[in-house]
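*Asks:* Going down the list, the protein sequences come from chains A and B. Using the numbering used here, the first residue of the first sequence is number 1, and each one after it goes up by one. Using the numbering used here, the first residue of the second sequence is number 1, and each one after it goes up by one.
Read the hints as simulated data drawn from the structure, not as lab findings. A hint or two may mislead.
What the hints assert, rightly or not - With beta-carbon atoms standing in for the labels, derived distance ranges:
1. D66(A) - Y96(B): 54 to 60 Å
2. D304(B) - S2(A): 51 to 57 Å
3. E7(A) - E3(B): 19 to 25 Å
4. A11(A) - D18(B): 25 to 31 Å
5. T163(B) - G67(A): 33 to 39 Å
6. K44(A) - E90(B): 47 to 53 Å
7. N13(A) - E278(B): 47 to 53 Å
8. E7(A) - K291(B): 39 to 45 Å
9. D97(A) - Q19(B): 27 to 33 Å
The beta carbon of each residue, even a glycine, is placed where N, CA and C say it ideally should be.
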Amino acid sequence: MSKKYDEIPIAGNIVEPGNSKGYLTGGWRAKKPIHKDETCLWIKNGTCGLCWIYCPDNSVKLIEKDGKYSYEYDYDYCKGCGICANECPTNSIHMEDE
Amino acid sequence: MVEYDKPAVAIKEMLKRDQVLSAGHRMCAGCAAPTVVKLMGMALRGPTIVCEATGCLEVATTIYPYTAWEIPWIHVAFENASAVASGVIEATKAMYAKGNYAHEHVDVIAIGGDGGTFDIGFGSLSGMLERGHDIVYMVYDNGAYQNTGIQRSGGTLPGQETTTSWAGKVEPGKRQKKKPLTEIVAAHKIPYVATVSPGYQRDFITKFRKALEVEGPAFIHAYSPCPRGWRSETGRSIELSRLAVQTGIHPLYEVIDGEKYIMSGPSKRLKELTPMEEYWKTQGQFKHLFKPEWEEFRKQIQVDINHEWELLKKKCGI
């Protein structure tokens with residue numbers, strides 16, 4: 001975010017809530033979580049979701065569309081902490097070096 | 001903000017909720033505090049204002065020119081988060097009476113770290129509880145002043161090594177016990193006090209909702225592992241928050257009106273406590289305890305924890 005002095009809101013206020021989305025923390029990552037669809041309970045029947053609940057960076061995307069479930073990572077923000085891989089009850093996630 | 005009749009405890013309800021804290025915040029990888037805030041968000045029931053004392057969570061979520069907070073949020077100094085929260089709730093009432101504000105009631109939540117609650121903000125917290133403002137105070141307890149460089153706080157566990165309680169030939173880390181803050185707060189005879197752990201999310205969300213719903217002040221003590229300060233693996237934070245409950249250093253219970261103790265499911269179901277060694281060996285900050293010269297000290301900690309656990313069971317009538 002590079003703004004000129006007259007574009008910055010008065011008194012340095014931040015006027016947009018949650019604008020930290022503009023700061024990508026994915027570059028911090030040393031290890032990358034890799035997801036396997038075959039054993040995942042979310043893909044199977046839309047339950048579990050522990051990885052989504054515990055992810056500190058909101059990087060797990062659980063998608064439900066027309067009764068079908070899919071799974072994605074948002075690698076823009078994932079810091080590679082490995083909580084999802086550690087908590088997965090079916091070991092469907094593993095960490096790989098970047 | 002939308003109003004919710006029930007807290008979201010099932011995954012599909014959770015997915016429908018708006019996030020309280022957006023991605024792109026700069027908390028360390030593996031920190032459990034953003035998860036604590038996320039779970040807090042699942043319990044909210046409508047318009048909410050958060051007042052936050054200085055701490056990791058405050059510093060790392062609002063680095064200029066960014067903020068990760070999606071709901072109204074005010075930052076105040078270390079010592080006065082609860083005093084400011086009192087002011088906020090009074091201001092909204094006065095503004096509503098004058099017709100300048102849309103909501104008759106807003107939920108006000110004050111958040112502090114263990115340094116800002118156990119030590120520095122303790123006086124103003126006690127004042128808020130005494131005045132009886134309808135505020136939920138949540139402390140996320142990571143066991144030291146992690147933000148300023150891992151200094152010892154009132155919430156630091158015995159035997160824990162910090163930069164102001166070094167372990168070496170003479171000292172085994174912190175020698176003193178942890179301040180029993182939950183008990184002290186409960187002694188104010190406030191309507192609701194509870195301890196929670198992010199590893200037991202269902203228990204966390206239902207308790208937080210109860211805290212919001214009671215009339216008068218409520219206090220939530222959340223355990224929040226810190227991989228940086230504890231020298232633990234980043235992926236094991238949530239596991240450690242569960243282990244803390246199983247070893248009995250952070251038992252889960254509720255106190256109603258300062259008198260009625262209720263032990264919560266995850267603690268109640270424990271047949272016996274996991275030995276502290278299981279907890280210590282996961283963290284670098286406790287590794288000195290395994291040296292032969294600190295064997296006595298180590299055993300004494302376990303004896304104290306067992307004693308506290310028996311005492312708590314007696315209070316809960318188990």
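*Asks:* Hint by hint, say whether it matches the structure.
*Replies:* Here's how the hints hold up against the structure:
Range check, D66(A) to Y96(B): about 44 Å between beta-carbon atoms, so the 54 to 60 Å window is missed. For D304(B) and S2(A), the hinted distance range of 51 to 57 Å is satisfied, since their beta carbons lie about 55 Å from each other. Checking the proposed 19 to 25 Å range against E7(A) and E3(B) shows it is violated: the Cβ atoms sit about 36 Å from each other. Take A11(A) and D18(B): their Cβ atoms lie about 27 Å apart, and the range 25 to 31 Å holds.
A beta carbon spacing of about 54 Å between T163(B) and G67(A) contradicts the range 33 to 39 Å that was offered as a hint. Separated by about 51 Å at the C-beta atoms, K44(A) and E90(B) satisfy the suggested range of 47 to 53 Å. For the pair N13(A) and E278(B), the supplied restraint of 47 to 53 Å holds, since their beta-carbon distance comes to about 48 Å. Range check, E7(A) to K291(B): Cβ separation about 59 Å, and the 39 to 45 Å hint is violated.
About 29 Å separates the C-beta atoms of D97(A) and Q19(B), a value consistent with the hinted range of 27 to 33 Å.
The structure fails to meet hints 1, 3, 5 and 8 from the earlier list, while all remaining hints are met.
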